[in-house]
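> Here is how the chains run, residue by residue.
Number of protein chains: 2
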Amino acid sequence: MPEIFEALDPPSRLLMGPGPINADPRVLRAMAMPLLGQFDPMFTGYMNETMALLRQLYQTENHWSFLINGTARAGIEAVLTSIISPGEGVLVPVAGRFGELMCEIAERCGAKVHAIETDWGGVFEPDRIEDAMKRFKPRLLATVHGDTSTTMAQPLDDLGEICRRHDALLYVDATATLGGMTVPVDDWGLDAVSGGLQKCLSGPPGSSPITFNDRVAELVGRRKHIERGIRPDGYDPGEGALIQSNYFDLPMLMDYWSESRLNHHTESTSMLYAARECVRIVLNDGLEERFVRHEVTSRAMIAGVRAMGLELFGDISHKMHNITGIMIPDGVDGDAVIRDMLQNFAIEIGTSFGPLKGRIWRIGAMGYNCRKDAVLTTLAAFEATLRPRGYAAPPGAGVDAALNVYNTA
Amino acid sequence: MPEIFEALDPPSRLLMGPGPINADPRVLRAMAMPLLGQFDPMFTGYMNETMALLRQLYQTENHWSFLINGTARAGIEAVLTSIISPGEGVLVPVAGRFGELMCEIAERCGAKVHAIETDWGGVFEPDRIEDAMKRFKPRLLATVHGDTSTTMAQPLDDLGEICRRHDALLYVDATATLGGMTVPVDDWGLDAVSGGLQKCLSGPPGSSPITFNDRVAELVGRRKHIERGIRPDGYDPGEGALIQSNYFDLPMLMDYWSESRLNHHTESTSMLYAARECVRIVLNDGLEERFVRHEVTSRAMIAGVRAMGLELFGDISHKMHNITGIMIPDGVDGDAVIRDMLQNFAIEIGTSFGPLKGRIWRIGAMGYNCRKDAVLTTLAAFEATLRPRGYAAPPGAGVDAALNVYNTA
Chain F
2 MPEIFEALDP PSRLLMGPGP INADPRVLRA MAMPLLGQFD PMFTGYMNET MALLRQLYQT
62 ENHWSFLING TARAGIEAVL TSIISPGEGV LVPVAGRFGE LMCEIAERCG AKVHAIETDW
122 GGVFEPDRIE DAMKRFKPRL LATVHGDTST TMAQPLDDLG EICRRHDALL YVDATATLGG
182 MTVPVDDWGL DAVSGGLQKC LSGPPGSSPI TFNDRVAELV GRRKHIERGI RPDGYDPGEG
242 ALIQSNYFDL PMLMDYWSES RLNHHTESTS MLYAARECVR IVLNDGLEER FVRHEVTSRA
302 MIAGVRAMGL ELFGDISHKM HNITGIMIPD GVDGDAVIRD MLQNFAIEIG TSFGPLKGRI
362 WRIGAMGYNC RKDAVLTTLA AFEATLRPRG YAAPPGAGVD AALNVYNTA
Chain Z
2 MPEIFEALDP PSRLLMGPGP INADPRVLRA MAMPLLGQFD PMFTGYMNET MALLRQLYQT
62 ENHWSFLING TARAGIEAVL TSIISPGEGV LVPVAGRFGE LMCEIAERCG AKVHAIETDW
122 GGVFEPDRIE DAMKRFKPRL LATVHGDTST TMAQPLDDLG EICRRHDALL YVDATATLGG
182 MTVPVDDWGL DAVSGGLQKC LSGPPGSSPI TFNDRVAELV GRRKHIERGI RPDGYDPGEG
242 ALIQSNYFDL PMLMDYWSES RLNHHTESTS MLYAARECVR IVLNDGLEER FVRHEVTSRA
302 MIAGVRAMGL ELFGDISHKM HNITGIMIPD GVDGDAVIRD MLQNFAIEIG TSFGPLKGRI
362 WRIGAMGYNC RKDAVLTTLA AFEATLRPRG YAAPPGAGVD AALNVYNTA
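Protein sequence lines correspond, in order, to chains F and Z.
Those letters in the first sequence? Residues 2 to 410, by our numbering.
Those letters in the second sequence? Residues 2 to 410, by our numbering.
For the record, the hints were derived by calculation from the structure and aren't laboratory data.
Warning: the hint list may mix true and false statements.
Just so you know, same-sequence chains aren't split out, so a pair can sit in one copy or run between any two.
BS3-like, lysine-lysine: derived pairs with alpha carbons at most 25 angstroms apart [as the list claims (entries may be wrong)]:
id, residue 1, residue 2
1, K225, K113
2, K225, K358
3, K138, K113
4, K113, K135
My request is simple: use the sequences and hints to build the entire structure.
Structure below.
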């Protein structure tokens with residue numbers, strides 16, 4: 002007898018962890034739309050519209066702004082594996098788990114990785130990065146914008162110029178900030194950026210929006226290769242090291258996302274619908290309005306947590322606006338609090354990784370969940386959860402302080 | 002002013018090409034379900050249920066049956082890049098575009114690829130494959146089951162034994178047949194198999210179900226590596242060449258899909274919901290019933306096309322049951338017929354790739370669209386479309402012949 006299980010019936014949850022967060026209902030609705038063939042003019046029209054929407058989201062004129070069909074780390078790998086030829090130097094500033102991940106992926110792409118490190122909870126001064134650029138002369142500087150493992154956002158505004166001074170490319174993983182904090186790709190001189198849908202864009206994980214400029218397009222274009230079986234007449238195999246992944250080969254993806262529509266993968270129809278709707282919602286709100294909303298929410302969270310007598314984690318002047326790290330007080334079982342929040346209030350919060358596992362809680366308030374009601378409810382539930390677990394905050398103080406920030410914002 | 006575009010409104014289409022096809026409405030509904038956190042016990046429960054469903058779909062006892070977060074070719078690359086260490090021999094029988102693709106991907110994974118070729122429209126005799134195994138002594142035989150580019154299905158039932166005789170592993174890309182033709186993984190001795198949702202499983206492209214046995218698990222396990230930033234105490238870096246992709250690293254994915262739940266990517270929530278529902282539907286129908294339905298549909302299509310006086314493509318004794326190749330008659334503009342079908346009837350059919358581009362039409366009838374009404378409607382529309390384009394089939398003959406197959410099935 003086959004074991005078929007019940008129909009899906011996910012329980013109601015308020016997802017206030019580091020992501021995924023609750024998808025916007027409009028995004029869920031978009032995903033339920035009927036499929037189209039990948040070369041249907043309506044569908045290729047949607048592909049082009051998605052490119053135009055992504056350009057606006059990334060505040061860029063970059064023609065090449067499209068989706069990688071995979072989660073956020075698929076976007077990272079597509080950029081790195083297409084840019085890096087074996088043996089090339091890549092500088093990675095590591096201030097958390099996602100800096101470590103960047104090193105891992107770059108290494109697998111054959112890079113000679115130069116990592117510089119700082120304590121988790123801090124960020125890098127531009128001077129320190131420039132010194133390392135001088136010392137290592139890398140082909141690429143690869144950095145994370147918001148590292149959710151530490152809740153810190155690396156300042157990026159000086160890095161584009163530093164990279165140009167040292168003849169290097171600059172790649173930024175903006176998965177955790179995109180749509181919540183400004184990432185002005187052209188103004189900051191970022192050569193390539195990748196993101197994900199499941200944080201401030203209020204979509205499901207599984208599609209990674211990327212953008213890159215002509216400097217990158219030219220570089221990867223020299224490694225262009227067309228698959229056997231679909232090569233046109235007079236095909237020229239090009240020069241440069243073969244990109245070690247077929248799936249993540251940016252020049253092939255450029256052909257697929259151009260008017261030549263040379264077949265590569267079959268675009269993930271429903272995830273494209275989702276991505277298109279995620280970005281439409283952000284642009285409808287207005288980018289600036291979104292950034293302000295996340296900044297005010299961050300202040301409300303900070304005020305609420307402090308009023309509860311809890312200590313914030315890390316260098317608050319560089320805190321990401323969409324996530325807040327809170328030190329777990331001595332004697333409190335952090336995992337039990339996370340469990341109680343889920344079981345009693347259906348609210349998900351998280352801890353972190355590696356050295357911070359069990360040392361901090363992480364509470365997100367981003368995208369669709371970057372709302373006053375979500376923040377206040379979470380703080381109220383947090384207070385009620387902590388008390389029987391051995392930490393008695395002044396009753397009502399957290400919610401009052403957060404509400405006060407909203408009232409005076 | 003931002004350019005935000007209209008809300009999604011994909012037009013009604015009957016997708017009778019090589020896939021994607023219309024998703025089952027139940028699958029679309031599943032994708033609109035609310036998200037859960039990736040470590041929420043409800044969600045990890047759904048992950049485990051999905052594994053159990055995939056085992057039944059693949060007719061296997063393999064514990065390792067899970068999803069790669071990407072389209073079908075992501076599944077191919079995950080298997081090949083994790084199995085193949087640089088310089089190892091891989092034998093690929095090439096009888097169409099997806100055989101070529103297998104060579105491409107294997108090459109990028111560092112394999113020494115030995116391709117044997119046969120004309121597009123044919124398949125390989127087991128003897129020919131065994132001869133090549135003797136000559137090249139590959140570590141892996143990698144073959145496509147149904148190559149949609151030619152509409153042929155490679156017989157697989159002898160290959161498992163051949164591989165064991167020659168101490169090689171056997172990997173099969175079953176993207177185009179899974180859920181429509183039988184792929185009894187254990188009975189046929191297939192060591193690893195990958196698929197996609199967008200063909201006979203009636204889902205959207207973007208998630209690739211894979212399965213592999215202990216032979217593969219042991220081999221890739223020797224290449225196991227845990228990411229910096231999440232390594233447990235006493236971590237042992239293992240032996241064997243580092244897998245060149247982080248995203249497609251099977252041992253890491255095994256940790257993520259096991260009770261240790263070691264973080265890797267963030268599982269694509271909505272695509273997992275889709276995959277789970279796709280397989281539930283197939284198992285609810287019954288595997289055998291599904292295979293019979295596709296086989297009868299294939300006979301109806303063959304009878305209909307022949308009654309219209311058109312010629313079928315390739316070796317019909319090895320035709321895939323879910324897709325039919327039709328020679329484009331001399332003097333008929335194949336692309337114009339495809340366009341007219343879409344514009345007048347909202348029915349999508351396709352041509353093929355490379356040497357078959359513009360030489361054949363491909364009409365699919367699979368998964369949700371493997372229905373009598375879809376087949377009869379398509380044949381009626383096809384006849385009406387061909388007439389003004391210079392090919393006059395006997396009026397009504399195609400539909401009558403197909404209906405006769407259904408009535409006597």
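> Indicate which option fits the pair K225, K358 if close means a Cα-Cα distance not exceeding 25 angstroms: within, between, both or neither.
between (43 angstroms within a copy, 23 angstroms between copies)
> Within a copy, between copies, both or neither: where do K113 and K135 come within 25 angstroms Cα-Cα?
Close inside one copy (16 angstroms), not across copies (40 angstroms); limit 25 angstroms.
> Is it within a copy, between copies, both, or neither that the alpha carbon of K138 lies no farther than 25 angstroms from that of K113?
Answer is within; shortest intra-copy Cα gap is 11 angstroms, inter-copy 34 angstroms.
> Can you tell me if K225 and K113 fall within 25 angstroms by alpha carbon in one copy, between copies, both or neither?
Both: 22 angstroms inside a copy, 21 angstroms across copies.
This entry satisfies every hint, going by the numbered hints stated previously.
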